[in-house]
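Enquirer: The chain contents come next:
Number of protein chains: 2
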Amino acid sequence: MCAELLSTDSTAGLPAYQQIARHFASEIRRGALRAGARLPAIRSLAAQLGLHRDTVALAYEQLSDQGWVEAQVGRGTFVRAKGLLAATIAEPGAALPGDPGSSVGSVPDGDVELAPQVEELISLGNTRPRYATGEDVVALHKLIPDPRFYPIEDFRACMNDVMTEDGPSLFSYAAPEGDPRLRRALASRFGAQGIAGSAAQLVLCHGASQGISLALRLFLSPGDQVAVEVPTYANVLSACAGLGITAAPVPMDAEGPDPEALDRLLAKPDVKAFYTIPSFHNPLGTSTSLARRRVLLEIARDRAVPIIEDGFEMDLRFRGSEIPSLAALDTSGIVVLLFSFSKSLFPGIRVGSISARGRALEGLVALKHATDLSDALPTQVALARFLESGAYDRHLATIRAMLRARHDAMDQALGDFMPAGTSWTRPEGGYQLWVELPFDLDTRDLLPDAARAGVLFSPGTLFMPDARPSRAMRLTVSCAEEDEIRRGVAALGDVASHSGAALHGTGRAGGMHL
Amino acid sequence: MCAELLSTDSTAGLPAYQQIARHFASEIRRGALRAGARLPAIRSLAAQLGLHRDTVALAYEQLSDQGWVEAQVGRGTFVRAKGLLAATIAEPGAALPGDPGSSVGSVPDGDVELAPQVEELISLGNTRPRYATGEDVVALHKLIPDPRFYPIEDFRACMNDVMTEDGPSLFSYAAPEGDPRLRRALASRFGAQGIAGSAAQLVLCHGASQGISLALRLFLSPGDQVAVEVPTYANVLSACAGLGITAAPVPMDAEGPDPEALDRLLAKPDVKAFYTIPSFHNPLGTSTSLARRRVLLEIARDRAVPIIEDGFEMDLRFRGSEIPSLAALDTSGIVVLLFSFSKSLFPGIRVGSISARGRALEGLVALKHATDLSDALPTQVALARFLESGAYDRHLATIRAMLRARHDAMDQALGDFMPAGTSWTRPEGGYQLWVELPFDLDTRDLLPDAARAGVLFSPGTLFMPDARPSRAMRLTVSCAEEDEIRRGVAALGDVASHSGAALHGTGRAGGMHL
Numbered sequence: 001m002c003a004e005l006l007s008t009d010s011t012a013g014l015p016a017y018q019q020i021a022r023h024f025a026s027e028i029r030r031g032a033l034r035a036g037a038r039l040p041a042i043r044s045l046a047a048q049l050g051l052h053r054d055t056v057a058l059a060y061e062q063l064s065d066q067g068w069v070e071a072q073v074g075r076g077t078f079v080r081a082k083g084l085l086a087a088t089i090a091e092p093g094a095a096l097p098g099d100p101g102s103s104v105g106s107v108p109d110g111d112v113e114l115a116p117q118v119e120e121l122i123s124l125g126n127t128r129p130r131y132a133t134g135e136d137v138v139a140l141h142k143l144i145p146d147p148r149f150y151p152i153e154d155f156r157a158c159m160n161d162v163m164t165e166d167g168p169s170l171f172s173y174a175a176p177e178g179d180p181r182l183r184r185a186l187a188s189r190f191g192a193q194g195i196a197g198s199a200a201q202l203v204l205c206h207g208a209s210q211g212i213s214l215a216l217r218l219f220l221s222p223g224d225q226v227a228v229e230v231p232t233y234a235n236v237l238s239a240c241a242g243l244g245i246t247a248a249p250v251p252m253d254a255e256g257p258d259p260e261a262l263d264r265l266l267a268k269p270d271v272k273a274f275y276t277i278p279s280f281h282n283p284l285g286t287s288t289s290l291a292r293r294r295v296l297l298e299i300a301r302d303r304a305v306p307i308i309e310d311g312f313e314m315d316l317r318f319r320g321s322e323i324p325s326l327a328a329l330d331t332s333g334i335v336v337l338l339f340s341f342s343k344s345l346f347p348g349i350r351v352g353s354i355s356a357r358g359r360a361l362e363g364l365v366a367l368k369h370a371t372d373l374s375d376a377l378p379t380q381v382a383l384a385r386f387l388e389s390g391a392y393d394r395h396l397a398t399i400r401a402m403l404r405a406r407h408d409a410m411d412q413a414l415g416d417f418m419p420a421g422t423s424w425t426r427p428e429g430g431y432q433l434w435v436e437l438p439f440d441l442d443t444r445d446l447l448p449d450a451a452r453a454g455v456l457f458s459p460g461t462l463f464m465p466d467a468r469p470s471r472a473m474r475l476t477v478s479c480a481e482e483d484e485i486r487r488g489v490a491a492l493g494d495v496a497s498h499s500g501a502a503l504h505g506t507g508r509a510g511g512m513h514l
Numbered sequence: 001m002c003a004e005l006l007s008t009d010s011t012a013g014l015p016a017y018q019q020i021a022r023h024f025a026s027e028i029r030r031g032a033l034r035a036g037a038r039l040p041a042i043r044s045l046a047a048q049l050g051l052h053r054d055t056v057a058l059a060y061e062q063l064s065d066q067g068w069v070e071a072q073v074g075r076g077t078f079v080r081a082k083g084l085l086a087a088t089i090a091e092p093g094a095a096l097p098g099d100p101g102s103s104v105g106s107v108p109d110g111d112v113e114l115a116p117q118v119e120e121l122i123s124l125g126n127t128r129p130r131y132a133t134g135e136d137v138v139a140l141h142k143l144i145p146d147p148r149f150y151p152i153e154d155f156r157a158c159m160n161d162v163m164t165e166d167g168p169s170l171f172s173y174a175a176p177e178g179d180p181r182l183r184r185a186l187a188s189r190f191g192a193q194g195i196a197g198s199a200a201q202l203v204l205c206h207g208a209s210q211g212i213s214l215a216l217r218l219f220l221s222p223g224d225q226v227a228v229e230v231p232t233y234a235n236v237l238s239a240c241a242g243l244g245i246t247a248a249p250v251p252m253d254a255e256g257p258d259p260e261a262l263d264r265l266l267a268k269p270d271v272k273a274f275y276t277i278p279s280f281h282n283p284l285g286t287s288t289s290l291a292r293r294r295v296l297l298e299i300a301r302d303r304a305v306p307i308i309e310d311g312f313e314m315d316l317r318f319r320g321s322e323i324p325s326l327a328a329l330d331t332s333g334i335v336v337l338l339f340s341f342s343k344s345l346f347p348g349i350r351v352g353s354i355s356a357r358g359r360a361l362e363g364l365v366a367l368k369h370a371t372d373l374s375d376a377l378p379t380q381v382a383l384a385r386f387l388e389s390g391a392y393d394r395h396l397a398t399i400r401a402m403l404r405a406r407h408d409a410m411d412q413a414l415g416d417f418m419p420a421g422t423s424w425t426r427p428e429g430g431y432q433l434w435v436e437l438p439f440d441l442d443t444r445d446l447l448p449d450a451a452r453a454g455v456l457f458s459p460g461t462l463f464m465p466d467a468r469p470s471r472a473m474r475l476t477v478s479c480a481e482e483d484e485i486r487r488g489v490a491a492l493g494d495v496a497s498h499s500g501a502a503l504h505g506t507g508r509a510g511g512m513h514l
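Sequence lines, in order, name chains A and B. Residues 1 to 514 in this note's numbering are what the first sequence lists, from first letter to last. Residues 1 to 514 in this note's numbering are what the second sequence lists, from first letter to last.
Pulled out of the complex, with its shape left as it was, chain A reads as follows:
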């Protein structure tokens, strides 16, 4: 029931708890669940769906608010009698059951107009697949560091120490640019990677995701265009949609973004920046060559168009030799570098940084202040302490080794199980890689079969600026160990082969003879 529960079209795009609430509301409406019937225990349903118990609790609370069910202390949650339900619904202006986010009490949803960019965002969200990650499903779609590796105890100790030592100053407003200690620690790490710039040029932000929003707003107005790689990070497309910005596609070749295409784009007056992920590209997993990086910088400098470099996995190289970042190669001060701890440590503390110069730096500080004043000091200072203690470097060594082993297992499994003609990338860092099937199909169509077969992936179309169908998919090694990876890819190979066979009468067999 879980898979269908979290993937019904009618609820796609809604928060998980609302999808759950709607599912049960409709089950009750159509009589599948009768008065007095007991809903699954919160704990077991949560485990079944791979969700936090509070999410399910929230869904049940909403159903109760709406009069569908009632909680009986110590016994569980039960479907209410029709009469009771009717009575509840009949209250003046009472919320309609199953209404997304509908209210308790007597207030209807207001009839107000949303900004067109927001309407755009909502419909964009509705096109995203919803995943039900049950216990037994191999999650090759997740780009979240493996929670099994989080150095929580070290971080907890740092947080506890700084809260004990720093006192009130830790709980007041930070400067918009953030805590000087963390900025200095980051600047010296960047310096060691050849990136010139003092702590004064670093603005801390709310993960690289806020960094993307701020960097886009720094250079672009609604109606402007930003050049992006094809494929590119899915959420940068959401950020653009939310800001009324258009993403202009730059094709990728083996070396990185195509220079001619980029130059043609940057020549256009309304293309105001170039967003790129040169190291451990998302979703490709590849890295732009050193020679190509120099060419890209030349083009941007000649066109006087800034480059937004997303270094979200720059600390995660596990093989091969370092390629200097664009920020390190930049001699004209046009690169804005985004950094994040979300993939190299854990995402939950929401800390990232943006490096900029001169007017761009001034604008960034003003923009950060106007957007949310500043970020949370306790987290920043605890993280600075964590870095200074060496715990971050120790952690990096651990997960780099983990990444190497898992990518090797992935490469091996893809060779063993995918259909003949399948191609894939071999990253030297990060979590993600790109797999292209030899069949003319939209991998989005494989998702339901794959989920049933016990494996999940991200269909390539999610990463296309124009949402075009794609025969490729993004896989990650972040939340699956070697044996799980092998099991997941075997299942994926089956599904792909069968679809291939259905299309061309070939497939599995061919796949076996790689």
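One or more hints might be untrue.
Because identical chains cannot be distinguished in the list, a pair is counted as satisfied if it fits within a single copy or across any two copies.
[As the list claims (entries may be wrong)] In silico lysine to aspartate or glutamate, DMTMM-like type, Cα no more than 25 Å apart, as pairs: (1) Lys268 x Glu481; (2) Lys142 x Glu481; (3) Lys268 x Asp146; (4) Lys142 x Asp393; (5) Lys268 x Asp494; (6) Lys268 x Glu255; (7) Lys268 x Asp111; (8) Lys268 x Asp253; (9) Lys268 x Asp440; (10) Lys268 x Glu119; (11) Lys268 x Asp258.
Please keep in mind that the hints were generated in silico from the structure rather than gathered at the bench.
Keeping the supplied structure of chain A fixed, place chain B upon it in accordance with the hints.
Expert: Below, chain B without anything else, positioned relative to chain A:
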């Protein structure tokens, strides 16, 4: 030297550390500080300026990066010999001394175009006064809860507990709407204040300041207008500028915003929302009457224009009886309510919430996700624990009593020391009040004299959508105890009276006979 150091026009609008760096750079340039001269010790200069030591350290580091000074271990920071300096500066592409945010190494500031809204923000920032809050200055300009009251130990314990108990799930991504526990705790508090709505309708955000940005983006596109009160919260004007939104003024009378003026504005198609602070208005300190609140809701409902209600101090009533919030009175679901812990607890954790319904709720979740994915879970969960423990309510009782005493002292002092004809508001909650002088002057012009006399305030012009001059000023009781308030207002009365005398040959004497 501190006051002038942090208020030179040439550095206004720059971060404090850059103002400090620029000050010393120019002192060295003009020979006032010669080679070998020792800069003030970081600790003492920081104390003198009322800044954190790291801010001064950052300034010295920038000066060192730029070749002006060198740190000698254990001895201090010294001005470098001209030769050395020249050599440093002469390096290819070396940063120019005193350049705001200029880089170390060999990278110049890039020549890139910023978005016009960002240029607007920068110039807006440059018009803001810079304050040097030395030890002896009474800070009646600060709207930051008094650090002496922060319940740090209770919060530290909650943070430590949840980090110990919750494990990895606490350090992963939250849902865009935030932690269900904190949302439930907030929803039940709101419910107790008559605000209908379940936890499902609450989206947690990064302080009410991010709430303002998100709520504006939810309803307005660049070029649209938002109706705001005159005067209004200064940072909402920055938020508008950064989003390319125009603030349309609604005059205030004794009851609140003027209904006719509001109706005329909301009739315009490009006025897409009304931003209001009905309780403990910032900067006025007054509250909109119950009758007027109902009228405002009617107008907004008839015009189908949403109301953004800023409840940033709604938990801080210390006198008089509760007036239901617009969200509590709303029967048509058009009110979006902003809440924040920044003033009722402490700002450093950056937690606030937005309540919305239906499509607005859906849009809000999509917008939050596209902006920064989600907020930090550890802080949200620790805060939920803090609320459940009763520590928040205990804290509210303490600071409400503190606010009552300080406002009484303020009211008394204003009567004793301000010139005849001065009028001021008598808030029933919150930190701020509004003082209007009987003279035809711009209170901005009083600031330097006031700073010299040992008191700081916020000139009224800061809160005017059109930045028009104002004879009023905002005072706060947040960071001054009763005796400090009395001392500060006495000094303020002197300064005001002398300016009044200069203008009209009246003043102090009259002020004494109130």
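Enquirer: Next, verify each hint and record whether it holds.
Expert: Going down the list of hints, with the structure as the test:
1. Lys268 x Glu481: neither (46 Å within a copy, 59 Å between copies)
2. Lys142 x Glu481: Cα proximity of Lys142 and Glu481: one copy only (13 Å, versus 53 Å across).
3. Lys268 x Asp146: This pair counts as neither: shortest intra-copy Cα distance 42 Å, inter-copy 52 Å.
4. Lys142 x Asp393: So Lys142 and Asp393 pass the 25 Å test inside one copy only (24 Å; across, 40 Å).
5. Lys268 x Asp494: For Lys268 and Asp494, neither the intra-copy (46 Å) nor the inter-copy (60 Å) Cα distance is at most 25 Å.
6. Lys268 x Glu255: within (24 Å within a copy, 53 Å between copies)
7. Lys268 x Asp111: between (40 Å within a copy, 17 Å between copies)
8. Lys268 x Asp253: Answer is within: at 22 Å inside a copy they meet the 25 Å cutoff, but 51 Å across does not.
9. Lys268 x Asp440: neither (34 Å within a copy, 52 Å between copies)
10. Lys268 x Glu119: between (28 Å within a copy, 22 Å between copies)
11. Lys268 x Asp258: within (16 Å within a copy, 48 Å between copies)
Checked against the numbered hints above, the structure violates hints 1, 3, 5, 9; every other hint is satisfied.
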